[in-house]
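Just so you know, the sequences run in chain order A and B. Counting in the numbering used here, the first sequence runs from 1 upward without gaps. Counting in the numbering used here, the second sequence runs from 1 upward without gaps.
Treat the hints with care, as some may be off.
[As the list claims (entries may be wrong)] Some residues of chain A that are not near chain B, with every Cβ distance over 10 Å (derived):
1) Leu43
2) Asn52
3) Gly59
4) Leu61
5) Leu75
6) Asp92
7) Thr98
[To be verified] Below 35 Å or equal to it, Euclidean Cα-Cα: the simulated DSBU-like pairs (lysine-lysine) are:
8) A:Lys104 x A:Lys56
9) A:Lys104 x B:Lys14
10) B:Lys9 x A:Lys26
11) A:Lys104 x A:Lys69
12) A:Lys56 x A:Lys69
13) A:Lys104 x A:Lys70
14) B:Lys9 x A:Lys104
15) A:Lys26 x A:Lys104
16) A:Lys69 x A:Lys26
For the record, the hints were derived by calculation from the structure and aren't laboratory data. Quick reminder that beta carbons are idealized off the backbone N, C-alpha and C, glycines included.
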Amino acid sequence: SQQGEEDPQALSIQEGENATMNCSYKTSINNLQWYRQNSGRGLVHLILIRSNEREKHSGRLRVTLDTSKKSSSLLITASRAADTASYFCATDGGSGNTPLVFGKGTRLSVIA
Amino acid sequence: NAGVTQTPKFQVLKTGQSMTLQCAQDMNHEYMSWYRQDPGMGLRLIHYSVGAGITDQGEVPNGYNVSRSTTEDFPLRLLSAAPSQTSVYFCASSLTGGGLWYFGDGTRLSIL
Chain A
1 SQQGEEDPQA
11 LSIQEGENAT
21 MNCSYKTSIN
31 NLQWYRQNSG
41 RGLVHLILIR
51 SNEREKHSGR
61 LRVTLDTSKK
71 SSSLLITASR
81 AADTASYFCA
91 TDGGSGNTPL
101 VFGKGTRLSV
111 IA
Chain B
1 NAGVTQTPKF
11 QVLKTGQSMT
21 LQCAQDMNHE
31 YMSWYRQDPG
41 MGLRLIHYSV
51 GAGITDQGEV
61 PNGYNVSRST
71 TEDFPLRLLS
81 AAPSQTSVYF
91 CASSLTGGGL
101 WYFGDGTRLS
111 IL
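Chain A extracted, bound-state conformation (with noise of 0.2 Å):
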């Protein structure tokens, strides 16, 4: 069953914007991921935060992990049309000899 669970599902904001996109999971993990979709393409790894980590930045992408609510975010700032994707978080259940988890999806449309 899916680890991982994406919310919004769908979300549509105006260039320059920030996007809030939120993942809940439900076993202990090593590490949680995010990834990028775009469309009719394979996804493609973003950003990994690790169980002892909080908070993560890369450019314009800031995660966060919450361990106690098994809970992540990632915040993309100051968005921009190419932005425009699926993103999704993936954990990988405790085990470092299993592939990773998925959960559904935030489909994020960016308005120009």
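Given the coordinates of chain A, work out where chain B should sit on it, guided by the hints.
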């Protein structure tokens, strides 16, 4: 840098036909996996491998077979295609199971 290569990109089958989806990676990754992506369902794990000669089932393995005779290749076989297997199939690879995963661009499969 080819990364993860999937072939074919598109395929139409008739119910009952069999076929093999090809996946190859040139990054010397031990871990490989197959996912299917359906609207509103996110990515669901079909089968995965932690090294040559080792495979295991994921969340939705029924109707699919895999083998891993080399590090580079991880083909997915549909034994007797059914309309319920209409989906987009993604292959992914990783150096370590809990690290970053790299995805191919997918095979879009329609079964009539």
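Here is how each hint holds up against the structure:
1. For Leu43 (chain A), the shortest C-beta to C-beta distance to chain B comes to about 4 Å, within the 10 Å cut-off, and the non-interface label is violated.
2. Remark: the non-interface label on Asn52 (chain A) is consistent with the geometry, its nearest Cβ contact in chain B lying 14 Å away (cut-off 10 Å).
3. Against chain B, the non-interface label of Gly59 (chain A) holds: every CB pair exceeds 10 Å, the least being about 16 Å.
4. With a least CB separation of 15 Å from chain B, Leu61 (chain A) remains clear of the 10 Å interface cut-off, as annotated.
5. With 10 Å as the threshold on Cβ separation, the claim that Leu75 (chain A) sits away from chain B holds: the shortest Cβ distance comes to roughly 21 Å.
6. For Asp92 (chain A), the condition that its CB be more than 10 Å from all CB atoms of chain B is violated, with the nearest at approximately 5 Å.
7. For Thr98 (chain A), the requirement that its beta carbon stay farther than 10 Å from each beta carbon of chain B is not met, with the minimum near 6 Å.
8. For the hint pairing Lys104 (chain A) with Lys56 (chain A), the CA-to-CA distance comes to about 22 Å; that is within 35 Å, so the pair holds.
9. Of the supplied pair hints, the one linking Lys104 (chain A) and Lys14 (chain B) holds, its CA atoms being roughly 29 Å apart against a limit of 35 Å.
10. This hinted pair checks out: Lys9 (chain B) and Lys26 (chain A) have alpha carbons roughly 34 Å apart, not beyond 35 Å.
11. Restraint check: the Cα-Cα separation between Lys104 (chain A) and Lys69 (chain A) comes to about 19 Å, which is no more than 35 Å; the hinted pair holds.
12. A C-alpha spacing of about 17 Å is found between Lys56 (chain A) and Lys69 (chain A), which places the hinted pair at or below 35 Å, so the restraint holds.
13. Of the supplied pair hints, the one linking Lys104 (chain A) and Lys70 (chain A) holds, its CA atoms being roughly 16 Å apart against a limit of 35 Å.
14. Between Lys9 (chain B) and Lys104 (chain A), the direct Cα distance comes to roughly 23 Å. Compliance with the 35 Å bound is thereby established for this hinted pair.
15. A distance of roughly 14 Å separates the Cα atoms of Lys26 (chain A) and Lys104 (chain A); the hinted pair therefore holds under the 35 Å criterion.
16. With a C-alpha separation of about 10 Å, the suggested pair Lys69 (chain A) and Lys26 (chain A) falls inside the 35 Å cut-off, and the hint holds.
Figure legend: structure checked against the earlier numbered hints; hints not met, in rising order: 1, 6 and 7.
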